[in-house]
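Chemist: The listed protein sequences correspond, in order, to chains A and B.
Numbering of the first sequence is given in the working numbering, commencing with residue 19 and proceeding in unit increments.
Numbering of the second sequence is given in the working numbering, commencing with residue 19 and proceeding in unit increments.
These aren't lab readings, by the way, just hints derived from the structure by calculation.
Treat the hints with care, since some could be wrong.
No copy labels: a pair is met if it fits in one copy or bridges any two.
[Claimed, not checked] BS3-like mimics (lysine-lysine), calculated; alpha carbons at most 30 Å apart, straight line:
1) Lys312 <-> Lys133
2) Lys315 <-> Lys92
3) Lys133 <-> Lys315
4) Lys221 <-> Lys192
5) Lys92 <-> Lys312
6) Lys192 <-> Lys131
Number of protein chains: 2
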Amino acid sequence: MNFTLKHTDPGSKARAGLLKTAHGTIETPIFMPVGTVASVKGVHQRELRDEIDPDIILGNTYHLYLRPGTEILKSAGGLHKFMGWDRPILTDSGGYQVYSLSGRRKIKEEGVKFKSHIDGSLHEFTPESVVDLQREIGADIIMAFDECTPYPCEYDYARRSMHLTHRWLDRCIKHFEESEPLYGYQQLFFPIVQGSVYTDLRKQSAEYIAGTDAVGNAIGGLSVGEPAEEMYEMAEAVCDILPTGKPRYLMGVGTPINILENIALGVDMFDCVMPTRNARNGMLFTSEGTINIKNKKWEDDFSPLDPMGHTFVDQEYSKAYLRHLFAANEYLGKQIATIHNLGFYLWLVRESRRRILDGSFRPWKDQMVKQMDKRL
Amino acid sequence: MNFTLKHTDPGSKARAGLLKTAHGTIETPIFMPVGTVASVKGVHQRELRDEIDPDIILGNTYHLYLRPGTEILKSAGGLHKFMGWDRPILTDSGGYQVYSLSGRRKIKEEGVKFKSHIDGSLHEFTPESVVDLQREIGADIIMAFDECTPYPCEYDYARRSMHLTHRWLDRCIKHFEESEPLYGYQQLFFPIVQGSVYTDLRKQSAEYIAGTDAVGNAIGGLSVGEPAEEMYEMAEAVCDILPTGKPRYLMGVGTPINILENIALGVDMFDCVMPTRNARNGMLFTSEGTINIKNKKWEDDFSPLDPMGHTFVDQEYSKAYLRHLFAANEYLGKQIATIHNLGFYLWLVRESRRRILDGSFRPWKDQMVKQMDKRL
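Pulled out of the complex, with its shape left as it was, chain A reads as follows (with noise of 0.2 Å):
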């Protein structure tokens, strides 16, 4: 068994738990920090493992595939070596970037056909060759290709897509067996949820997950612009059903409000690209709510950038020191921010975990959901 459940909180269906892989275990509930094109963005690897402090990354195969492409990351021996960080990688299947060629794809049975966004080169995806491109690649845990559906999205195109992504899955789950990791080192796979905002998909979908009896489970096609009550009934419903013995990924979530509620529902893993992104428009999370550090509000105000943060960030620059860094475009504003973000959220989870295992996770989560919608 890769994965061992701690304990579960007594006022939520928060779980604690530790998953085995090959580069070291991960303590759940985790967020992923997402490296699109084997970085970070503006964040030295040194950093993000010193600082930041993931068990875990996340890398775009799509992005992967395109540049540097498999070829020069099977010279390197895999995207840990190439990209000089030794903790897990997990990589998605590709599935959402080309979803979100909208214009520059066409999905069919076989797989989906598209453009290249770099060069408008024409490429094709199928479960197969996603997972080719993954053991490539050589994450430790590897997802299935599926289609997210978009929101909204009528019933009947959800249930056909559904059943693709199913089909698509077993052809995954096929070659992923007949398959071996190139590196010596063993590969996870991860099955798919889909079925769009309609409970009744989203159950079939989860029991046909559940049934693949997989390392770990995967909720897709969520966070794609949907409201969060939907978000929420949505992954409550396939946390019930997924079981309880495998760790639950919820992908592409979210803020961190999103984040604790979903780990209230029973989700451990995430990923989002918001903490970095929004780092780089000027916007800070912490535990008080959020910064628009923009704002001229901030002009003199000299006190550190975030006396509670958990980066040196944090400590070493202050508010107005920053906000002249992001008026002055200075790329350095960017860095600083994405890695004050990517602390709090990392601190996020791993204070859950802790408040998960000493029984305080409800009550606290609950406080911090209302402070933590404010704006500074």
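Using the hints, position chain B against chain A.
Modeler: Relative to chain A, chain B alone:
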């Protein structure tokens, strides 16, 4: 006396010295990384301090005056506190930036009227106002307000401009002596030699500047497009006149080869945007020659960035990885290249100092100049 000459190289005019300032002692020869708007682009202050380790950095009065403005800097208690840098800072006077705004500035006896490159607003710098601005910034070393002549430059224009610079210098000195530091520590004042590429003007200017008996002296108006041989000729003519017991600062120079050649002529201090700007374009300086990391030849070279390098990036990242970051337009690439280049420049001046002190500078310099001229 703020400057102590420790040793002069037997095989050249190279010198090793110590320059005392309010924020610490500077070992010369020194290279000053450029922190234009209160940030060395893409480099955290802790990386600058711990990895690159310069004794002093440079700030630009023109840029700091526009953003964040000296009111903010005054509220912060000066630039050191504002940006979180407790070692020495030198500021230029804004003369060079204002001169670069051709078509957007008007030079008169009183001073220079110019339009901001940011919003076109009208401003004026005078010899007195730039001293005040540098008092407000709180630089350890303050530069005189000068006119930097272009290359090529008519003899008559160069002569008239030199005299204007001298008259401005007198006003700067008067205002400097009549004003006080704002933050309780001593600020040093350096005048600037001008005279374009005309030896007689350079000598005349050097004598005028030497006559002011300043703590240190600068050479401006070089590295503006003239052939390296003319730069060396002017630097040598000026160094031979400037007092031996005062540090000599050659402004805006240059390539690693330029730096070694000018050290050999008796220059002690340098600054240049080249290591940082060229880094952002993928050009790396090494002791074996220059690397264009964007070249396809590095695509599968997984060896360390620079095995002889002196910062963490040189060992922790490979050439192939850095090449990928540039190909994918990931900002981390610029960050890595910047740290590498600054690390190399600082190594170059520290090694020069070591060689001057042990008497082996000249043959080492000759060898290095040959090596570094290669493209790898």
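Chemist: I'd like to know which numbered hints this structure contradicts. Please list them from smallest to largest.
Modeler: Checked against the structure, no hint fails, so every one of them is satisfied.
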